[in-house]
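**Q** In order, the protein sequences belong to chains D and U. Straight run, no breaks: the first sequence in the working numbering ends on number 314. Straight run, no breaks: the second sequence in the working numbering ends on number 1193.
Check each hint, because a few of them may be wrong.
[Claimed, not checked] The calculated EDC-like cross-link candidates involving lysine to aspartate or glutamate, where the alpha carbons are at most 16 Å apart (straight line), are:
1. U:Lys1158 x U:Glu620
2. D:Lys283 x U:Glu958
3. U:Lys740 x D:Asp289
4. U:Lys639 x U:Glu557
5. U:Lys567 x U:Asp597
6. U:Lys684 x U:Glu719
7. U:Lys562 x U:Asp671
8. U:Lys979 x U:Asp554
9. D:Lys314 x D:Glu278
10. U:Lys887 x U:Asp671
11. U:Lys855 x D:Asp289
12. D:Lys254 x U:Asp671
13. U:Lys664 x U:Asp702
14. U:Lys684 x U:Glu620
15. D:Lys283 x U:Asp1072
The hints are simulated quantities; they were obtained by calculation from the structure and are not laboratory data. Please read all numbers here as calculations on a predicted model, not as lab measurements.
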Amino acid sequence: MTLGELRPGEKAKVVSIGTTGAMRQRILDMGVTPNVEVQLIKIAPLGDPVEITVRGYQLSLRKSEAALIQVRK
Amino acid sequence: MSYTIALAGNPNSGKTTVFNTLTGSRQHVGNWPGVTVDKKEGVYRKNKDMKILDLPGTYSLSPYSAEEVIARDFIVNESPDCVIDILDGTSLERNLYLALQIMETGIPTVLGINMMDEVALRKDVIDFKRLEAEFGVAVVPLEARTGKGIDVLMDAVSRTIEEKRVPKRLPVYELSKKVDEDTLADKRYSFITEIVEASVRREIKDGEQKQSRTDTIDKVLTHKIWALPAFALIMYLMFAATFSENFLFIPGLPSPGIALATLVENLWALFTEVISSALLSAGAATWAYSLVIFGIMEGLGAVLGFLPLILVLYILMSFLEDSGYMARVAFVMDRLFRKFGLSGRSFIPLLMGFGCSVPAIMATRTLDSEKDRKITTLLCGFMPCGAKLPIFIMFVSTFFSDGNKTLVLFFTYMLSLVVSIVVSLIINRVAYKGETSNFLMELPQYRLPTLTSVGIHGYEKVKGFIQKAGTIILAATILIWTLSNFNIASFNGQNQQEYGTPLAPIESSFLASTGKVIAPIFKPAGFGEWRPTVGVATGWIAKEMVVVTLAQLYADDISDEYLTGYFADATEDELSELGFEEGLYDSEAARDIYTDEVLMTGSDAKALPTLKDDIKTKQAALAYMAFNLLCMPCFAAVGAMKRELKTWRVTLGQVGIQMLTAYIVAVFINVVGNLLF
């Protein structure tokens, strides 16, 4: 499943990151790397973007980006 | 011997606070070559031999964004004597990622672990000795907000430089050339996780912590239902504090912004009067008097008048920015704004544009993508700022007195939004080929900003505005003054003979003759006469000048007879309310009062009858309003644009787009309006 499919409160482990180029590097630099545990905190009031906790801090990303990150519960 | 010390760190790590504490007021804001990123330099307060350079806040040194390239190039190419890396102690893992990349360069490094007060609140215990041993650099606990630990940090820096202490070579550094970037990021983070696990003792595990302050605040501020009302309330308060004349709904109570602006205006008026009487008693020539009073003093006054608004709005803005709220606004609004090809962050500048475009344009600095910055700056000029309101009100009351005035005014505001959306979509399609900006953004912990940092921010903005925009505004104002006061006859002595001064009346000035040449262009928009055209041009000094100029150009409409008749029915109280001394009608003062109080507020539905000879229809009147709404903003705003966009090429390009848009929309309104009605 993907990070975008998690429901608020659910935790999962990152399996792989499907984005490319600068976007991929940025996601990795922000600490979203394979095997890291992430938790989906909430979805923005208008339905996008989402907020996750990773490595002890809060990060927001768009659903289009979250949909490319494979996770395992 | 002087030393260069670079200050690095993640955004929101408290790096700016450390920089301000280290340098105090001894700082200089410049520009990195070729990019719109501020370059801040200063000297250490306690040792003038230490030059401190504030690198842009970044999460890594990967060469992808302008900020990262600058930070990387500076550390690698300029090899500073020491790099201070400020880390947020509450999210050490992510912060150590940048630290690891800095230490890998082999430049002497000192790590300052900030936010120790919050670390203590979480009951985390950091083993500094262990971190020092692992990385082979000095690691110092900091509480930048209170200044605790700053001296220890700088002692460590001095020692590091003296001992030429370089970071320990770690096996993980050897990987950079050997593996691909995925594995590298993964390996770096795994290495960091190991170190953090060994050197940070967490009394309370992740997920078992009781709700933090940030979670509690976010329950409301990013709540499904309450987020938008809470946001509206906060924005309303920010606006009210800057622009409101009835602050907090208390009639007659000016907001801090208005109170300051009034004070500045009054002081300036007083000063102008002093200069004026000095000039008169010195027997200055009429043209010199006019140049100083109506050219220079008015130009400077225009610059000064904006300062209180910028100051107040900026102090409030940086309060919201530093507290962490702006990131939430972007989070909440992103979806809506992405539809228009922008990101959530563009919302704040555009909203501020409803008050004044100058601080709005300056606020685009907080946007992280160049594309968003450029488009938002352009759109700020389309916003119906406070100074455009008198134009709308005068035209609505003069031309639409028999119709629904509120509806017409509402239409004008909606027009600015619709045009902004359409222009943004077109530019996205044409210039950026639909490229979407990323939205990977940290949602930092809510923190109460310090007064000093907020104050320094406001002060810097005001200073920057005076330096960069001041000269442009002054020069442009003097240019318009010259054009509206001189003609050929000024130079061959004819005016001197006829009027006793080289100055020409505005209706035969260079401005008028230029207006006559240009006016036919506006025929399709319905206002192709020279007087409305000249009105548009003087509106660039300040938009409300359109009303003043039209009053001047249609002076026959404001004859003494007309004014006596207009004010005849007013009671003594009403007259004194309008500004007549002791409530007595005074034909000398009547014209100014009529222009400033009656025309600006649209109280006279029969105003300027000959204006209706030039602008004959409601459609044309609406087109004229739209043109003034959308065309080049005032010179102060153009100055701010130049400051943010850096080059004249881009600035003038944007002004060109604004003029073209204004023209197309005005013609469209007139032509389609005539077909429909």
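**Q** Of the numbered hints stated previously, which ones are contradicted by the structure, given in increasing order?
**A** 1, 4, 6, 10, 12, 13, 15
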